[in-house]
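A.B. asks: The lines below spell out each chain.
Protein chains: 2
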Amino acid sequence: MAASEEVILIAGGAGFIGSHLTARLLDEGRQVIVLDNLQTARPSNLRLLEGRPGFTFVQGDIVDPLPEAVLREAGRIVRIYNLACAASPPQYQVDPEHTMLTNVMGTNHLLRLAEQTGARFLLTSTSEVYGDPEVHPQVEGYRGWVNCTGPRACYDEGKRAAEALTFDYARMKRAQVRVARIFNTYGPQMHPDDGRVVSNLICQALSNRDITIHGDGTQTRSFCYVSDMVDALIRLMESEIDGLEPVNLGNPNELTVSDLAEKVVAMTGSTNRLVYTPLPQDDPRRRRPNIDRAKALLGWEPRVPLADGLAKTCAWFAEELGRVPQRVAA
Amino acid sequence: MAASEEVILIAGGAGFIGSHLTARLLDEGRQVIVLDNLQTARPSNLRLLEGRPGFTFVQGDIVDPLPEAVLREAGRIVRIYNLACAASPPQYQVDPEHTMLTNVMGTNHLLRLAEQTGARFLLTSTSEVYGDPEVHPQVEGYRGWVNCTGPRACYDEGKRAAEALTFDYARMKRAQVRVARIFNTYGPQMHPDDGRVVSNLICQALSNRDITIHGDGTQTRSFCYVSDMVDALIRLMESEIDGLEPVNLGNPNELTVSDLAEKVVAMTGSTNRLVYTPLPQDDPRRRRPNIDRAKALLGWEPRVPLADGLAKTCAWFAEELGRVPQRVAA
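Protein chains in written order, with the UniProt record's numbering: chain E, 1 to 330; chain B, 1 to 330.
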């Protein structure tokens, strides 16, 4: 890359949302360095990016001091997106110590780089900071209902700690920051086995497996298509807000997990059996963002209807799984 | 120390509660290594311990890898108490990044030592994990009302993250752990300038300064005398519980800050002016532990009445400040 060009660093840029964000920024002609430990990234996400003009991949774990290949570009880094952390419970619970350190040490390494370079820093936090919420829909001022002693705490409390660190850098005028609280997001390039509900249901429907629903399926979620989420992240990063408040990003269109399963079954034509399994510990019962702040500050709201997003996602998974049942328009 | 003897490591052992705990364990004939960065410890606390049989001091910061002087004793360490972190808002807010890392990286360094040595680990967490509580008195199952974006978050969220890490080590069977949630504690050897309400009020009453009360003084606290707290910590460490739940430690005797100020004024005979100042951001309105779990598991409850504890504390501060107004029995 030419010495004069500005560079955007994306930690976790080979992951689900990260790879879409990277692709979009490359589309816009930006120079992007992806730093990723490939813990949960799909190799094929990376293959979609490799060789594209402006793209550089550095394998590394943000828990460790930042790699030399990143540091030598420090003078040109103007934006740092932190999307690095396994986000589905079965994945982040494999090594809870690493999950916590990714959020705290990893975020701190990137914040120090932001301080050193003057780059603006965006943390992708999560609706999980609200835990199993008692307030509905969730507004940013709601302080949450998180069990700090349970098996989800490494992620939920790790993200809360990462937010605390990030806002402290802002308060101390050490860095310009933005904090996004991302609600459930779905789309192509999700990991088929990551244990999250959309990918679970679609992959089960497209194969010979039972379709499993945790609990009785009346718990709700609100799903945002990934292209809408990428729009929001870029708008938030580039907005000239003061950055001292987190911003919910997600789709307020709430539905039950049972409803979602029905839509997936209808869309794929699956005849697989529906099986109800016990609800995992601390699983949230309801989840829906209030996005008034994002609308006001960013002029953003989701545009992709669930039916369209699900159709694209089913089509992608069908191809990914090597099957083409009643193919839906991509 | 003889090679065969068991050693107790106390991180933060030169601080207020830490120095009392160290003295008690030395009284019991134990070998104690204090690891402390002397960030907030009073040098005189350390002078009370230095030279006592069984006592070793190592200066070091648990944010960094553990010092060689600790590691070379690893084979004999059987208990690790983590009391290391500035605990008053003015102190822990000076360097919020360091506060967060003390709780997360520091706790993790000690947990790794516990895993390596098989030593039992006790984390001193805090009533601050409940934030500004909506449930009163606070039971351990209450998930708290903590602002993870505010100026107290480096401490509150740091401790919540430290709890999450500690319980993950227990769940993964990497270490035997105990977690104490310590409520307001007072007594001799508090730092005169640490900005906490008991030391503030006594030091102001004993000098020519106005006696300042945050807010209108109707906010409540519950104060535990330090000898009771030390009893509880040792009992918790030595108890054969499964260690998978935190235990509140504190005195459920609740009073308003105004009541406390009146008692201090009466006890010291102060004629200083009472001044009301704005309530700091996120200051909790009520704070009182439910200690049923500690009673049941440890057979413990506080024994020192507030009048006795305050008298001893006033007497100590009077001597410490080089004045002896109406001397109270020590």
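Calculated directly from the structure, the hints in this document are not laboratory data. The structure displayed is predicted, hence computed values, not measured ones. All C-beta atoms in this analysis are idealised placements derived from N, C-alpha and C, irrespective of residue type, glycine included. A few of these clues could be false.
[Said to hold, decoys possible] Residues on chain E that point at chain B, a partial pick, calculated with CB under 8 Å:
| hint | residue |
| --- | --- |
| 1 | P90 |
| 2 | V94 |
| 3 | P96 |
| 4 | V104 |
| 5 | W145 |
| 6 | A153 |
| 7 | E157 |
| 8 | R160 |
| 9 | D242 |
| 10 | P246 |
| 11 | W300 |
A.B. asks: With reference to the structure, classify each hint as holding or not holding.
C.D. replies: Against the structure, the hints:
no.	hint	result
1	P90	violated (15 Å)
2	V94	violated (10 Å)
3	P96	holds (4 Å)
4	V104	holds (5 Å)
5	W145	holds (5 Å)
6	A153	holds (4 Å)
7	E157	holds (4 Å)
8	R160	holds (4 Å)
9	D242	violated (13 Å)
10	P246	holds (6 Å)
11	W300	violated (21 Å)
In this structure, the hints that do not hold are numbers 1, 2, 9 and 11, in rising order.
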